[in-house]
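Residues per chain, in single letters:
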Amino acid sequence: MSKSPYQLEIAGENALILYFQQQMAAEISGQVQLASQQIRQALGDDLIDILPSYASILIVFNALQTNHLLVSSKIKNCLQQQANASISSGKLVELPVYYSEESGPDLRLIADTKQISVAEVIQRHQAVIYRVYAIGFAPGFAYLGEVDPILQMPRLSSPRAKVPKGAVAIADRQTAVYPAMSPGGWNLIGLCPSPMFNPDATPAMPVAVGDEVQFVAIDKAEFLRLGGEL
Amino acid sequence: MSSMSNFTVLSAGILSLLQDRGRFGQSELGLTNGGPVDAYSADIANALLDNDSNATLIECSVGGLQLQANCASYIAITGAELSVSINGQDAPMWTTLAISAGDIIELGMVTAGLRAYVAVAQGFNVQPQFTSTATVLREKVGGLNGDKLQAGDTLAVTSVSSCMKRSLATEHRRKFNNTLTLRLIEGYQAKQFIATERQRFYLHPYTVTPQSDRMGYKLKGSAIQCQQQSLLSEGICYGAVQIPPDGQPIVLLNDRQTLGGYPKIGSVLSLDCALLAQASPGTQVYFTPISIEQAHNALCLADVYFKSITQQWTLS
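Protein chains in written order, with the numbering used here: chain A, 1 to 230; chain B, 231 to 546.
One chain only, chain A, in its complex shape:
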């Protein structure tokens, strides 16, 4: 008998969590995205919140209106239909980055650790089209994967108290843009002038889970012209 491709577990009094194969992979992320759309439709107003991530979906329902058994059976129905459905691909978003040792204090560290030039670090970071695997940690913080294995870097042993807004960063095989100033332990390689979270804009974020992101190098003048701050 083959192992079920998913597992449905209780998370809390009004929450279930659906696990797919536990790895960071575009194919699994596609399954997560598709199942999220189907579950959202199937649960209608019984659904309070739905939170897709790398390889799981947290489903929060109204426990005074339904219960975990009814919700479980609706979720399982969705997954049976999934085989026939196609995965819709998200949009491609280009994000400008001012890469430099001035805007990316860890560029030199990565280059030295990997024994490559700073220019090569910058070139390799732009060469990949990344997938948005998850959004969380802070509003607008998008987890992007996967970074070129050569650029893979562990988190800093001691997180910085203040990472600037727009910081483009690497941790393990992930990269991200800090949407606001916050503490953080990722390696900083540049600054992006585009806002990643604007509560007054619609949509509030340029990307959603399932979208693709490509970074494009800009120079300092262009960075400042686009509203970037050093």
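Worth double-checking, as some hints may not be accurate.
As the list claims (entries may be wrong) - Below, computed lysine-lysine pairings styled on BS3-like, alpha-carbon distance capped at 30 Å:
1. A/Lys165 - B/Lys448
2. A/Lys162 - A/Lys76
3. A/Lys91 - A/Lys76
4. B/Lys421 - A/Lys74
5. A/Lys220 - A/Lys162
6. B/Lys370 - B/Lys448
7. B/Lys405 - B/Lys378
8. A/Lys220 - A/Lys165
9. A/Lys220 - A/Lys91
10. B/Lys378 - B/Lys450
11. A/Lys74 - A/Lys91
12. B/Lys405 - B/Lys537
13. B/Lys421 - B/Lys405
14. A/Lys220 - A/Lys114
15. B/Lys378 - B/Lys448
16. B/Lys405 - B/Lys448
17. A/Lys162 - A/Lys114
18. A/Lys114 - A/Lys165
19. B/Lys537 - B/Lys395
20. B/Lys450 - A/Lys165
21. B/Lys370 - A/Lys91
22. B/Lys448 - B/Lys395
23. B/Lys378 - A/Lys165
24. B/Lys450 - A/Lys162
25. B/Lys370 - A/Lys162
26. B/Lys378 - A/Lys162
27. B/Lys405 - A/Lys162
28. A/Lys76 - B/Lys395
29. B/Lys421 - B/Lys450
30. B/Lys448 - B/Lys421
What the hints assert, rightly or not - Calculated Cβ distances over 10 Å to all of chain B for the following chain A residues:
31. Ser4
32. Leu34
33. Asp46
34. Gln123
35. Met205
Simulated from the structure, these hints should not be mistaken for laboratory data.
We put the beta carbon where it would ideally sit given N, CA and C, even for glycine.
Please build the complex by placing chain B on the supplied structure of chain A, with the hints as guidance.
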């Protein structure tokens, strides 16, 4: 007849936040729930005034809030025990109180519990952000410009000239204990904790530490080990009990981060999370496992209980 008017914040106290029931359906943007950490006390405050259950009220932590009314209205104060006065005269909690223009409403410091709720007839008029007025300081959303209340703030209200006067019977008011038993629904990575670790978790008391806030309550006690140390980041539901590598449980509350990668042994029943959020450092906490069916029953019973007490108010 009603018309627009306002209240002025004379003193904001230790931490006063505008809250409706919370922000839901926005977690895909990374936005957390917010909302009153003691939902029962907040719901009663609104119910005493016939407000919608989602009406915006003030959660005042530790106390010290002073407001001036600039119009006639009604208020109700519930939650943690503290002294309440109107123009220097003592006023009761858990009761509908009539307010006239110019009245000064003063909350003392808490003597039991941590958070009091101040509701006004028809709620404070606040522009929702992402479907909710709930203030989350870390995210700078909700409330007035995503911030806590400050002296000089003006809170828009609707002037109200009549309201049924009600009082909640003493037996239905919040009581505060030095020891809490939190009912836990096992879930998430519960199976990754071997039986002896689960036993250790249920047998030993944990103490509420000062590193406890609206985001989560960090507890200290017998360390729990998990087979699995970290996992791919995944959604964290309200009440989830996260066990970081040091083995000390953290109960995640209204302002928790939406995603996390630590193992979770299960989730505390919301009714008990509300009591935990009223607990100050030093409070002793025990966990006890319950089934998902028992949790469902408890929620339905609490709903019936709430409806029955709010339909049989004691007229004051």
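Each hint, compared with the structure:
no. : hint                : in the structure
1   : A/Lys165 - B/Lys448 : 29 Å, holds
2   : A/Lys162 - A/Lys76  : 44 Å, violated
3   : A/Lys91 - A/Lys76   : 28 Å, holds
4   : B/Lys421 - A/Lys74  : 24 Å, holds
5   : A/Lys220 - A/Lys162 : 22 Å, holds
6   : B/Lys370 - B/Lys448 : 23 Å, holds
7   : B/Lys405 - B/Lys378 : 27 Å, holds
8   : A/Lys220 - A/Lys165 : 16 Å, holds
9   : A/Lys220 - A/Lys91  : 27 Å, holds
10  : B/Lys378 - B/Lys450 : 29 Å, holds
11  : A/Lys74 - A/Lys91   : 29 Å, holds
12  : B/Lys405 - B/Lys537 : 19 Å, holds
13  : B/Lys421 - B/Lys405 : 35 Å, violated
14  : A/Lys220 - A/Lys114 : 26 Å, holds
15  : B/Lys378 - B/Lys448 : 23 Å, holds
16  : B/Lys405 - B/Lys448 : 22 Å, holds
17  : A/Lys162 - A/Lys114 : 26 Å, holds
18  : A/Lys114 - A/Lys165 : 27 Å, holds
19  : B/Lys537 - B/Lys395 : 18 Å, holds
20  : B/Lys450 - A/Lys165 : 34 Å, violated
21  : B/Lys370 - A/Lys91  : 28 Å, holds
22  : B/Lys448 - B/Lys395 : 40 Å, violated
23  : B/Lys378 - A/Lys165 : 22 Å, holds
24  : B/Lys450 - A/Lys162 : 28 Å, holds
25  : B/Lys370 - A/Lys162 : 17 Å, holds
26  : B/Lys378 - A/Lys162 : 22 Å, holds
27  : B/Lys405 - A/Lys162 : 41 Å, violated
28  : A/Lys76 - B/Lys395  : 50 Å, violated
29  : B/Lys421 - B/Lys450 : 22 Å, holds
30  : B/Lys448 - B/Lys421 : 22 Å, holds
31  : Ser4                : 15 Å, holds
32  : Leu34               : 15 Å, holds
33  : Asp46               : 12 Å, holds
34  : Gln123              : 28 Å, holds
35  : Met205              : 6 Å, violated
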